[in-house]
Structure formats: C-alpha cells, structure tokens
Amino acid sequence: MATSIRGRGGIGPALPLLTPAYLWLVVAIFLPLSAMALFSFMTELPMSGRDWSLTLEHYAAFFSSGLYVTLLWASIRLGLEVTLWCAIIGFPAAYVLARVLKGRAREAIFLLVILPFWSNGLVRIFSWAMVLREGGLLDTTLNAILPFRIDIDLMYSYPAVIIGLVHSYVPYMVLTCYLTLQAIDNALIEAARSLGASRLQTLRRVVLPLAMPGLLAGSVLIFVPVVGSFMEPRILGGRTGTFYGTVIEDQFVAVFNWPLGAALSFILLAVVLVILSLSAPILRRVQ
Amino acid sequence: MTNLLGKLAAQAVLLSVCTVSVHAAELHVLNWKGYGADEPWAVEAFEKATGHKVVNDFFNSEQEMLTKLRTNPGLYDVVMINAAFTGQALAESLIQPIDTAKIPNYADISGEKANSPMLNQDGKVYGVPWVWGLTAIAVNDKSFETSPTSISVMWDEAHKGRVVIRDDAVEAIQFGAIASGQNINDIKDMDAVKEKLTSLMPQIRTFWSSENDWNQMVASNQIDIGTYWSGSADRAKTQFNLPVSLVIPEEGAVAWLDAFSIPVGSDNVEGAEAFINYMIDPEFYVEWVTKVGAPVSANEKAVAALPEDAFNRAVMGDPKVADRIQFQAPITDEQRKEYLAIWQELKVGAQ
Chain A
1 MATSIRGRGG
11 IGPALPLLTP
21 AYLWLVVAIF
31 LPLSAMALFS
41 FMTELPMSGR
51 DWSLTLEHYA
61 AFFSSGLYVT
71 LLWASIRLGL
81 EVTLWCAIIG
91 FPAAYVLARV
101 LKGRAREAIF
111 LLVILPFWSN
121 GLVRIFSWAM
131 VLREGGLLDT
141 TLNAILPFRI
151 DIDLMYSYPA
161 VIIGLVHSYV
171 PYMVLTCYLT
181 LQAIDNALIE
191 AARSLGASRL
201 QTLRRVVLPL
211 AMPGLLAGSV
221 LIFVPVVGSF
231 MEPRILGGRT
241 GTFYGTVIED
251 QFVAVFNWPL
261 GAALSFILLA
271 VVLVILSLSA
281 PILRRVQ
Chain B
1001 MTNLLGKLAA
1011 QAVLLSVCTV
1021 SVHAAELHVL
1031 NWKGYGADEP
1041 WAVEAFEKAT
1051 GHKVVNDFFN
1061 SEQEMLTKLR
1071 TNPGLYDVVM
1081 INAAFTGQAL
1091 AESLIQPIDT
1101 AKIPNYADIS
1111 GEKANSPMLN
1121 QDGKVYGVPW
1131 VWGLTAIAVN
1141 DKSFETSPTS
1151 ISVMWDEAHK
1161 GRVVIRDDAV
1171 EAIQFGAIAS
1181 GQNINDIKDM
1191 DAVKEKLTSL
1201 MPQIRTFWSS
1211 ENDWNQMVAS
1221 NQIDIGTYWS
1231 GSADRAKTQF
1241 NLPVSLVIPE
1251 EGAVAWLDAF
1261 SIPVGSDNVE
1271 GAEAFINYMI
1281 DPEFYVEWVT
1291 KVGAPVSANE
1301 KAVAALPEDA
1311 FNRAVMGDPK
1321 VADRIQFQAP
1331 ITDEQRKEYL
1341 AIWQELKVGA
1351 Q
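Line order of the protein sequences matches chains A and B.
Each step along the first sequence adds one to the number in the numbering used here, with nothing skipped, and position 227 is 227.
Each step along the second sequence adds one to the number in the numbering used here, with nothing skipped, and position 92 is 1092.
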C-alpha cells in the first residue's frame, strides 16, 4: 500500500487523509506547547498589561538549588520502579492471554485488563484510598481471615504511590506485550522444545527476545508519564508525596508562576528525551 | 379575528418583554463552591424576592479567581474576594467602586471591618465585608478527653503520625510564625519558622487540601489534630455530625476576612447590589449557620440574631479571642514565591 502511493508520485494523494490529524495536532498540541516554551523565557505572563522581558532565570532556578534536582531524581526513580513492577506483573499476564487462553476466556480476561481504562483516574485513586488506609478494606479483610492481628496502613506512604501508579499503568504493558507475544510463530517455540530446550530456556532464548519490542514500547509508554505524575503522589503519598510533578503543579496553581512551571516542565521533557536517546542504542542491540 | 390577532400581538409583546428582562436580570456570581452563595434555598429565596437569576461559577484558589476576572472581563457581576487580595484586584483594575447607599445592610457591618484599609481606597469602597473566620486548629474529639489549649499539642509525641496541616505555603508559613511567636504579617525570623515546621514534619500524616479531605480523615479516625478553618469545623459538626472541635490556641490564630466586590464591566450592578445586600442580611445568615454551618458574619446584627450560646457568637465574639487573633494582610507576589520555595523545601526534607 505504502509503496504504491510512493509509486504514484509522492505524498499528494495522501494529503486529504493526513490533513485532519495534523491540523488537529498543530492546533491542540503544537501551538499551546510553543506558547508554553515562550512563557518559560518570560519574566511575567503578558496578562493585564504587565511588563515582561525575556530571561533565562527560570532555567537557572532549576540549578540554583539542590531542591529541583533532588526531586527530579526521586521522580525518575519512581518512574523506573513503577515500570519494573508493571513489567513483572504485566508480562506474565500478557503471555497467558496471548498463548494459553483461547476464545471466550481470553475475551473475558482482556476485558478485565481494559476495564481500568474506562474509569476515571481520580475515581481509581480515591478507591485505592479506601482500600489502603488503616481500618480500610484490605486491613479489615485480612484481619477477618488471619488468625493473628496485623496492622495494615499503607495509605500516605511511598508504597501507596507505587501501588496506585502500577494499577493505572499496567494495562499499557499488558497490551503492548500481548501484541508482540501473539505474533510469535508457534513453530519457533515447538522447534525449540523439540530440540531439547527446557520451558525456561525457551522463554529466555526465544519468547523474551521476540517480545522485547512490546516490552520496550510498554516501558516507554509508562515511564514518561509516571516521571511527571502529580495526582497519584499528592493523594496517596501524604507526607512523602512531593515529587517533581507536584512541584510543577504548585507553580501553576498555587502561585500563578507559569514561567517557572513551564521552565521546569521543559527541563523534565529534555531529561526524559536524553534518557530515551541514551538508552536507544542499548535497546536496539537488545532487539 | 382581529380579537385573536390582538391577543397574539399582546402575547408576543409580553414574551419579548419577559425575555429581555430575564436577560438583563442574569446575575453571575464567582465564589468558592459550597460557600453560602450557591446554597439552593438561598438562591431560590433571592430569585423570588428580586427576579434576578443567579448563575454561579466557582474557583479553587485565589489565583484562579483573579485569572477568571482577567480573562472574562464583563462576565461576572459579583465576586467574593479574600480581603488580602482585594488590593491586587484593584491594582489590576478588575473591580469597581461600590455605592454602599444602595446596600441597606451595609450600615450594620462592624466599623473596623467596613473601614479596613484593604477594602477602601481614596474614600471609595471596593469591598463589602461578608464573613470572617480563623485558620486555627481542630481536634478529633475521640482522641482528647479535654480539648488542648496550646498549639504545642501538634508537636506532642503522643500524636505522632496523626497530625495534618494544609498543603498551602502561605498558611503553613503563617502557622509557623504563630507557633514561633511572631507577627504573621511581618515575619522577622524566618529561620525560627523553618525550624518549627521542620520539627513538625515527622508528626505529619498527610497534607490536606480540601474540607472533604479533613472530614474523611476524621470520619475514618485517621487523625487526632490539624490546622483547620473555623467555618469548616462548624460545618463538620453541624452538617456531618463529626466529632470535631475547633481550638483557638492561646498562641493565637490567623484570621481572614472575605468580602464581596463588583467586577469592572458588570452589566447588572443593580442586581449585584441586591445580592450583596441579601448575603449580609441577618435572615440569610441565621439560616446558613443553622442549616449548613458558616464562618462569622461581618454584620453585627446578623451575629446578634444567633442563639446566645452559638459558637460563632459565644466563642468567636469573645473579646479575649479578638485579642489574640491576627488578621491576614496582603502578600506580595515575591513573598508568595519565597514562601512556596521554603514550603517545598520543607516538604522534600520530610520524605
């Protein structure tokens, strides 16, 4: 299909199909983002006739105190941890979905994976709050079953943030892994088995390398938004819930300091892009 | 036939008159959500009495309120502004002078509040005081046999992990100023404030942001004590039957004054005046306190109309309380940014 278009002379015939999407991207993403980029270099917002000039002070503010660097590092660590947990939980689920279950059972399990996507993020987080707190669902249920008494109070802690974020993002990992796992030719696995590879060896030497693109795509899809997340840490993290994303939110909401908030956001974007581009060669080799 | 035509014409005229008057009488009010002006019974009573149709819009922070005024000139007719921000709204030409002669209840507002320099400039009135209240501390009655009297209870080891404070830089810094015995509007020793708040951090369970957060934590018995607003503590008790008591510590508390202003470009000033008059009316206030729970009215007659033992009359009206509260003065943008930087650093240190 693609070659036939190129064969008939360039992008021309594809334009009517592309225009709506690109027009939308320009209006909805490129323009506001450019405005934000401009704001990040301004001393004041050009609102109600305030004077403004161009400056680099907001970018300098990032480096002037250890605060933002510490927070950014904490957020990156959070992103890595959440991604790791999503992989540990999501990959086996995707494997079962793609290679073990068939027909109705697969559809049912698939629905359960997708279900969180259909509920509002804020609702999901608040329902976790009900489960995790002392005297909440988890605490009450476990103590009703177990013969001894344990106190479970995960609310307002770092683990609570991890739990909330993993729950929100694990479907991405399941979906991307599912797509690559499903595409693996059964004959390859059968060949490995018949040549004497154990189940574990087959997984490690055949399935995992072939599923790597899905695992990596899922990781990127999860890592990037988690580094900038602010809602989950704020609601579930309590005292430990201050991250890079919450600080950016404060700049926009609490002090109306859009320029600093924008500058911090673009630094985050730059750092994420650097991380992704640095890891690109390694990732390519793995593939 | 002519009769029918005549009737139709009359109806058409009547209809157009109606639509015109309805359009002219729409009244856009900007306020916090669930803060008096949007009570359904109040809106209904006001609409019935005056014929103006109330359209409520809300903000979640003072900054958002100012942004809405800046970006929608001419849309709003009444805006509720914390008096500490009235000066900024005026400096940006967002609000207009108010003709207090058109607001009969204005005469009953206590003199010191009506004449507050935050609401008056060059002999003109830019804000009509509505209610005032405190940012003090509130306790979970289940955790205390007798209510504490000192702010130091927040640092008590016995309540470790069961203390909350609002996630708001200005409130936190001013709370630290009171705890370290300073004037909230002129903090001389910021290091003492930082030290106080740093030592408070290990006690903290979480930072609350809305009334609902606070009430839910008390309802599920997760906290013992925390900073809270006087009107909210009253509502928690009256409306939700929660075991909450407000404490005005002997060290003092932060007081704030909320006032109504009329934005520049309002196309229904007459309606705005009627609405403000209704909002400071004793009848509305008593109903608000009884049904929902509210801060203290700036109208002396409205407070006097409450039962003698009512919290807003007995405790908040106590001269000894008046002596130890400090009213919030305006804060510059620079101070606000500085406070936020300090607060963020404290929160990061708490991890």
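Please note that a few of the clues may not be correct.
These stretches of chain B come out as covered by chain A in the derived footprint (C-beta under 8 angstroms, 3 or more residues) [unchecked claim]: (1) 1061-1070; (2) 1203-1209; (3) 1213-1227; (4) 1332-1346.
Straight-line C-alpha distance at most 25 angstroms; calculated SDA-like pairs for lysine to any residue [claimed, not checked]: (5) B/1194 - A/252; (6) B/1337 - A/59; (7) B/1142 - A/187; (8) B/1033 - B/1121; (9) B/1196 - B/1075; (10) B/1068 - A/249; (11) B/1337 - A/125; (12) B/1337 - A/209; (13) B/1102 - A/38; (14) B/1337 - A/152; (15) B/1068 - A/34; (16) B/1048 - B/1075; (17) B/1194 - A/70; (18) B/1188 - B/1333; (19) B/1142 - B/1333; (20) B/1033 - A/230; (21) B/1068 - A/224; (22) B/1102 - B/1071; (23) B/1068 - B/1329.
In short, the hints are calculated from the structure, not lab data.
Every residue gets a Cβ at the ideal spot worked out from N, C-alpha and C, and that includes glycine.
May I ask which of the numbered hints given earlier this structure violates, with the numbers listed in increasing order?
-> Of the numbered hints, 7, 8, 9, 11, 12, 13, 14, 19, 21 and 22 do not hold.
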